[in-house]
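There are 4 protein chains.
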Amino acid sequence: MLSSADAVVNRGRFVPHVPDDRTAVVRHRARVGYVDTDKAGVVHHTVYLVWMEAGRIEYLRARGVDYRRFEVERGLAMPVVEANLAYRSPARFDDEVVIETWVSSVTRARIVFEARVLRDGEVLCEGAITTAVVHLAEARPVSVPEELRDACS
Amino acid sequence: MLSSADAVVNRGRFVPHVPDDRTAVVRHRARVGYVDTDKAGVVHHTVYLVWMEAGRIEYLRARGVDYRRFEVERGLAMPVVEANLAYRSPARFDDEVVIETWVSSVTRARIVFEARVLRDGEVLCEGAITTAVVHLAEARPVSVPEELRDACS
Amino acid sequence: MLSSADAVVNRGRFVPHVPDDRTAVVRHRARVGYVDTDKAGVVHHTVYLVWMEAGRIEYLRARGVDYRRFEVERGLAMPVVEANLAYRSPARFDDEVVIETWVSSVTRARIVFEARVLRDGEVLCEGAITTAVVHLAEARPVSVPEELRDACS
Amino acid sequence: MLSSADAVVNRGRFVPHVPDDRTAVVRHRARVGYVDTDKAGVVHHTVYLVWMEAGRIEYLRARGVDYRRFEVERGLAMPVVEANLAYRSPARFDDEVVIETWVSSVTRARIVFEARVLRDGEVLCEGAITTAVVHLAEARPVSVPEELRDACS
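Taken in order, these protein sequences are the chains called A, B, C and D.
Using this note's numbering, the letters of the first sequence correspond one by one to residues 1 to 153.
Using this note's numbering, the letters of the second sequence correspond one by one to residues 1 to 153.
Using this note's numbering, the letters of the third sequence correspond one by one to residues 1 to 153.
Using this note's numbering, the letters of the fourth sequence correspond one by one to residues 1 to 153.
FYI, nobody ran anything at the bench for these hints, they're computed from the structure.
It is possible that some hints are incorrect.
FRET-style restraints, in silico, Cβ to Cβ [claimed, not checked]:
id: 1; chain 1: A; residue 1: D20; chain 2: B; residue 2: D20; range: 40 to 50 Å
id: 2; chain 1: D; residue 1: E147; chain 2: C; residue 2: P145; range: 44 to 54 Å
id: 3; chain 1: B; residue 1: S143; chain 2: A; residue 2: P145; range: 20 to 30 Å
id: 4; chain 1: C; residue 1: R119; chain 2: B; residue 2: R88; range: 41 to 51 Å
id: 5; chain 1: D; residue 1: R29; chain 2: B; residue 2: D21; range: 51 to 61 Å
id: 6; chain 1: B; residue 1: E122; chain 2: A; residue 2: R119; range: 34 to 44 Å
id: 7; chain 1: A; residue 1: D20; chain 2: D; residue 2: S153; range: 47 to 57 Å
id: 8; chain 1: B; residue 1: E73; chain 2: C; residue 2: E147; range: 47 to 57 Å
id: 9; chain 1: D; residue 1: T23; chain 2: C; residue 2: R69; range: 48 to 58 Å
id: 10; chain 1: D; residue 1: D120; chain 2: A; residue 2: H135; range: 48 to 58 Å
id: 11; chain 1: C; residue 1: R69; chain 2: D; residue 2: S153; range: 34 to 44 Å
id: 12; chain 1: C; residue 1: D66; chain 2: D; residue 2: T23; range: 50 to 60 Å
id: 13; chain 1: D; residue 1: A137; chain 2: C; residue 2: R69; range: 48 to 58 Å
Facing chain D, according to a computed beta carbon distance under 10 Å, are these residues of chain A, among others [claimed, not checked]:
id: 14; residue: L49
id: 15; residue: I57
id: 16; residue: R61
id: 17; residue: A62
id: 18; residue: Y67
id: 19; residue: R69
id: 20; residue: E73
id: 21; residue: R74
id: 22; residue: D95
id: 23; residue: E146
id: 24; residue: D150
Glycine included, every Cβ here is placed at the ideal spot set by N, Cα and C.
Build out the structure end to end from the sequences listed, making use of the hints.
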């Protein structure tokens with residue numbers, strides 16, 4: 001796990017810091033669909049959040065957690081409680097992008113995922129997504145289960 | 001225009017501050033669609049960005065700027081360069097929400113919109129969306145045009 | 001209720017037929033968002049399905065059925081089992097469109113909604129959406145409940 | 001190319017018919033995201049259209065057409081003019097699905113793509129998507145260019 005001090009606070013915003021330890025980073029690829037573009041001819045800013053969400057699932061899978069099973073068996077979900085994104089350069093239709101995901105901080109109540117989206121090595125977007133854990137049926141927050149804590153440490 | 005000092009920096013994140021001057025705030029309503037929900041039974045976190053995008057269009061309309069015409073006539077667009085969101089409480093299917101939008105800062109290169117989404121007076125999500133202005137055909141940033149600057153001041 | 005014979009079969013496809021009885025039609029309005037557009041500068045073809053979904057909710061509400069409550073109390077949902085759409089003319093950013101929804105057929109197992117999307121009286125898209133009713137926990141189809149049948153007749 | 005007679009008309013709706021010649025079919029894979037689900041716990045019906053859109057791009061790529069370049073160089077786009085879908089069984093979060101795409105008909109003005117979405121060999125959704133070709137700047141339909149016609153025959 002990275003120290004949360006690795007995150008650079010820049011004019012009041014969270015800017016992710018890619019860990020030196022490359023084994024801490026999980027990667028997956030996505031292809032930009034037509035539906036992802038908008039009339040400005042570039043990828044809509046919501047789509048990066050979608051890619052980062054998939055990145056969290058892939059991160060957990062790579063660490064041995066089947067998130068689908070986790071939700072079903074535990075009756076829990078992992079909502080986003082904060083999202084801080086910096087858009088650097090636009091992705092375009094049919095681009096192949098790489099999403100890199102890692103964890104910068106785990107506390108009793110929160111897991112902070114950081115992520116960046118790249119195209120040919122160029123960073124297009126980076127951000128920090130803070131998640132909590134909630135009990136779905138009871139609609140209340142719970143402590144981060146050990147299973148997730150271990151996977152993210 | 002609000003002073004940017006009105007924005008509270010909270011643990012490294014931008015937290016919006018609703019202006020005392022209620023005339024600075026533009027409101028519109030949205031109804032939560034089935035498509036907006038996810039398997040956790042709540043509104044997906046990307047949807048708040050969609051509502052806030054509509055909020056910026058409605059803000060400009062209320063201030064006399066037809067954003068559609070603006071883009072066409074000027075060949076410009078207003079991309080999001082940063083998004084900082086705090087999710088407080090989930091919206092649910094068929095909820096009627098109110099989106100409040102205002103401008104917290106205008107500089108030569110950036111307009112910072114702040115927004116919050118409410119249901120029956122309860123804040124569900126709030127955030128700051130930083131936008132730039134780009135020339136679409138030349139794919140380069142330009143200064144915020146006077147027309148936008150005036151509308152947002 | 002309309003006779004299903006009102007639906008015109010045109011080259012193997014369902015084409016909706018607006019009922020003469022205007023009281024059978026429920027209308028709602030939508031504003032085209034930036035996110036709804038794609039790089040061709042027009043509204044993406046999926047968005048019409050989203051508007052028609054909202055149309056079904058509004059149709060039921062106008063007929064006395066609160067669909068949110070219906071799902072919760074009954075443990076049922078109303079999935080789309082067929083969708084047949086004809087796209088006539090593109091909607092564009094910031095257009096205000098009207099969605100007209102009516103029911104063309106109710107059987108023991110299916111409710112067929114028809115809908116069209118208009119802008120200033122021009123039909124942009126029209127289609128027939130066939131829905132079933134399923135018991136969510138048991139994941140099995142059930143007969144259309146009397147409450148829905150009555151609302152749609 | 002398949003004869004359009006291969007398409008089975010079933011109660012007024014187009015039902016796709018998978019060609020015997022498996023070389024006519026182009027496949028790609030997709031992973032169901034959390035964002036793709038709705039409160040019923042299954043994939044929203046719009047998502048299949050998104051997968052089928054990607055299928056058309058992959059179909060053309062496999063046949064030697066880079067659709068991105070095609071649009072840019074020709075100033076053309078390929079809008080959906082009809083969509084006819086039959087939903088057989090729901091996809092769920094984190095499923096890996098296979099999308100099979102082929103062309104059932106090419107005329108001077110239309111290319112009809114057929115597609116089906118499978119999970120472990122089970123058909124979840126199948127449909128026919130009819131596309132036209134338009135000149136973007138002039139906003140008018142044009143004949144299907146030879147380049148597309150050849151790729152789809």
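Here's how the hints hold up against the structure:
Distance hint check for D20 of chain A and D20 of chain B: the Cβ-Cβ separation is about 46 Å, which falls inside the suggested range of 40 to 50 Å. In this structure, E147 of chain D and P145 of chain C meet the distance hint of 44 to 54 Å, their C-beta atoms being roughly 52 Å apart. Between S143 of chain B and P145 of chain A the beta carbons are some 50 Å apart, a value that contradicts the proposed interval 20 to 30 Å. At about 36 Å, the beta-carbon gap between R119 of chain C and R88 of chain B misses the expected band of 41 to 51 Å.
At roughly 53 Å, the beta carbons of R29 of chain D and D21 of chain B sit within the given window of 51 to 61 Å. In this structure the hint that E122 of chain B and R119 of chain A lie 34 to 44 Å apart at CB holds, the actual value being about 40 Å. Taking the beta carbon of each, D20 of chain A and S153 of chain D are about 53 Å apart, inside 47 to 57 Å as hinted. Look at E73 of chain B against E147 of chain C: about 52 Å separates their beta carbons, and that is inside 47 to 57 Å.
T23 of chain D and R69 of chain C have their C-beta atoms about 52 Å apart, which keeps the hinted 48 to 58 Å range intact. Remark: the range hint 48 to 58 Å for D120 of chain D to H135 of chain A is contradicted by a beta-carbon distance near 31 Å. The hint said 34 to 44 Å for the Cβ distance between R69 of chain C and S153 of chain D, and at roughly 53 Å that hint is violated. Distance hint for D66 of chain C and T23 of chain D: a CB-CB separation of about 52 Å, consistent with the stated range 50 to 60 Å.
Between A137 of chain D and R69 of chain C, the C-beta spacing of about 49 Å keeps the proposed range 48 to 58 Å intact. Contact between L49 of chain A and chain D, as hinted, is supported at the beta carbon level, the nearest pair being about 8 Å apart and thus within 10 Å. A distance limit of 10 Å between C-beta atoms decides the matter here; for I57 of chain A the minimum to chain D is near 7 Å, and the interface restraint holds. Nearest Cβ of chain D to the Cβ of R61 of chain A: about 9 Å, under the 10 Å cut. The hint holds.
A least Cβ separation of about 14 Å between A62 of chain A and chain D goes past the 10 Å threshold, and the interface hint is therefore violated. Against a cut-off of 10 Å between C-beta atoms, the interface hint on Y67 of chain A holds, since the closest Cβ of chain D lies about 7 Å away. For R69 of chain A, the interface hint holds, the least distance from its beta-carbon to any beta-carbon of chain D being 9 Å, beneath 10 Å. Because the smallest distance between the Cβ of E73 of chain A and any Cβ of chain D comes to about 14 Å, over 10 Å, the interface hint for this residue is violated.
Given the 10 Å rule on beta carbons, the hint for R74 of chain A is violated: about 15 Å separates it from the nearest Cβ of chain D. For D95 of chain A, the interface hint holds, the least distance from its beta-carbon to any beta-carbon of chain D being 9 Å, beneath 10 Å. Of the supplied interface hints, the one on E146 of chain A is violated, with its beta-carbon coming no nearer than about 22 Å to a beta-carbon of chain D, more than 10 Å. Interface hint status for D150 of chain A: violated, as the beta-carbon distance to the closest one in chain D is roughly 20 Å, over 10 Å.
In the structure shown, a violation is registered for the earlier hints numbered 3, 4, 10, 11, 17, 20, 21, 23, 24, in ascending order.
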